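> Here is what each chain is made of, one letter per residue.
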Amino acid sequence: MIRYKYANQLDAFPRLKATMFLDRAEQFKRRHGWEVTLDENGYEVDQYDGLNPLYAIWELEDGSHGGSIRVLPTVGRTMVNDHFTHLTDGLKIISPTIWECTRYCISPHLESSRHREVAAALLLAGCELGVRFGLTYSIGIVYTHTLAIYKRIGWIPEVIGWAGNGNEEIAAALWPITAAAKSNICRKSRMNAKDVEMWFDRSFPTFTQPQAIAA
Amino acid sequence: MTRKLERFLECLESTDLYNEPTRLCDSLREIYGIEHATYLATNLNGHPYYATTYDPRWSARYQEENYVNIDPVVLSTLRYFQPMEWRQLDWSSKRSRAFFHEAIEFGVGNQGFTIPVRGPNGQHALFAINHRSNDHDWNGYIHENVHDFMLISHYVHQHVLKLVNTEADPTYAELSPREQDVLKYLGIGFSRSQTAEKLQISEHTLRVYIDSARYKLGALNTTHAVALAVARGVISV
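Those protein sequences? They're chains A and B, same order as listed.
Numbering of the first sequence is given in the numbering used here, commencing with residue 298 and proceeding in unit increments.
Numbering of the second sequence is given in the numbering used here, commencing with residue 22 and proceeding in unit increments.
Wrong hints could be hidden among the right ones.
Stated by the list, open to error - To be clear about the criterion: a stretch of chain B counts as covered by chain A if any three or more of its residues have a C-beta under 8 Å from a C-beta of chain A, and this derived list gives those stretches:
no., segment
1, 171-177
2, 233-242
As the list claims (entries may be wrong) - Derived DEER-like restraints, expressed as beta-carbon distance ranges:
no., chain 1, residue 1, chain 2, residue 2, range
3, A, Arg411, B, Gln84, 51 to 59 Å
4, B, Asn90, A, Thr503, 34 to 42 Å
5, A, Arg484, B, Arg28, 48 to 56 Å
6, B, Asp156, A, Asp308, 25 to 33 Å
7, A, Glu494, B, Glu218, 37 to 45 Å
8, B, Gly128, A, Pro502, 38 to 46 Å
9, B, Arg24, A, Thr382, 31 to 39 Å
No wet-lab data here; the hints were simulated from the structure.
As the structure is a computational prediction, the values presented were derived from the model and not from experiment.
Every residue gets a Cβ at the ideal spot worked out from N, C-alpha and C, and that includes glycine.
Please work from the sequences and hints to get the whole structure.
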């Protein structure tokens with residue numbers, strides 16, 4: 298299941314938190330060889346994790362991390378605008394209805410038979426969040442060779458710029474957020490829209506109004 | 022862009038927010054059929070600034086009691102950046118519940134929706150709408166209008182920033198060559214599809230460039246963005 302959590306809410310889920318940052322270290326530092334820093338716990342944590350971002354996290358049955366994405370609004374500081382404007386002709390993409398999605402991670406401990414399900418669920422979770430919050434696009438940086446994955450999942454991004462060569466080629470990409478995108482992911486990835494709607498509602502619960510409590 | 026949003030932008034352009042801060046909220050109330058609208062910046066050049074349709078007695082009471090320090094609507098926007106239903110907020114403390122009851126007595130509606138606003142220099146503000154409604158109707162209403170309110174919150178904020186003359190971060194005012202091209206072609210009368218074709222980009226990408234340029238220029242719509250860009254010498258048409 299997906300949990301949407303802000304960074305400051307993660308302490309209530311210690312196992313989920315620890316395994317997410319350890320899995321990120323495994324994926325981004327060891328597997329991709331990125332110049333990311335690990336803290337004293339071995340967690341891969343960067344300055345954007347310090348901005349109280351929102352994460353969509355796939356939680357496994359034992360409470361550990363199966364995969365995650367990190368979300369920040371582009372009216373604040375974002376990785377794309379701070380580090381990747383060479384992909385966008387120097388363009389800083391800033392709009393209240395475009396949010397950035399980074400650190401798309403699948404746990405290296407996840408059984409390979411479940412990779413597809415978790416990868417799709419995370420994208421669906423990102424799309425659901427956008428639909429609920431009135432957004433128009435999600436922006437992110439991807440390896441060009443992974444674009445086929447998004448196509449298979451059913452959410453094809455629009456590439457607005459490239460850099461690098463071969464397997465290291467990266468692209469800045471925009472995912473349009475629409476009800477059609479959501480149903481397309483559900484259809485192509487055989488997921489149920491009701492599930493992601495329920496995960497969202499559970500993460501952002503509403504309560505009985507105060508005056509009703511008093512009545 | 023919805024017709025309602027267009028009407029609101031016209032009002033925004035013609036409203037003197039400094040001398041008549043509530044007028045904009047009044048228009049919003051009328052256009053969107055809601056009981057109340059509020060914009061609050063907790064600290065603009067050292068002072069709070071607000072515009073609201075609430076009963077002035079409630080605003081006075083709010084300031085007198087320093088409710089800004091306990092109001093869950095304000096506190097939640099300090100931490101979180103997503104739009105929020107008031108029903109999602111933490112009303113568990115006795116104090117916040119008493120505060121809510123008092124608000125209701127002053128004519129504040131039971132349903133509310135808040136959008137936190139962030140500025141490039143760490144400014145912090147919020148935009149809130151308020152109404153009397155049952156949960157079902159309210160959920161439907163929000164779903165239908167959330168996109169408009171996301172844009173409105175930032176438009177109002179930028180308008181207020183200009184008003185108080187807060188120095189904008191220059192990097193945000195600079196348009197990239199691509200954004201300049203887009204405005205230039207639109208300015209000389211190319212349609213969106215012609216512009217996209219000329220620049221060899223898709224219309225999706227074009228839309229992002231336009232949105233981004235508009236945001237940086239603080240423009241209300243595309244025509245306004247072209248006019249501002251010309252006036253500031255960013256492009257020549």
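> Now, for every hint given, state plainly whether the structure supports it.
So, going through the hints one by one against the coordinates:
1. 171-177: Holds, because 4 residues of the segment 171-177 of chain B bring their Cβ atoms closer than 8 Å to Cβ atoms of chain A.
2. 233-242: It holds: at least three residues are needed, and the segment 233-242 of chain B offers 3 whose Cβ sits within less than 8 Å of chain A.
3. A:Arg411 - B:Gln84: 51 to 59 Å: Holds - the Cβ-Cβ distance for A:Arg411 and B:Gln84, about 55 Å, lies within 51 to 59 Å.
4. B:Asn90 - A:Thr503: 34 to 42 Å: Violated - the Cβ-Cβ distance for B:Asn90 and A:Thr503, about 24 Å, lies outside 34 to 42 Å.
5. A:Arg484 - B:Arg28: 48 to 56 Å: violated (37 Å)
6. B:Asp156 - A:Asp308: 25 to 33 Å: holds (31 Å)
7. A:Glu494 - B:Glu218: 37 to 45 Å: Taking Cβ atoms as reference, A:Glu494 and B:Glu218 lie about 39 Å apart, which means the hint holds.
8. B:Gly128 - A:Pro502: 38 to 46 Å: With Cβ atoms ~28 Å apart, the hint is violated.
9. B:Arg24 - A:Thr382: 31 to 39 Å: At roughly 35 Å between Cβ atoms, A:Thr382 and B:Arg24 fall inside 31 to 39 Å, so the hint holds.
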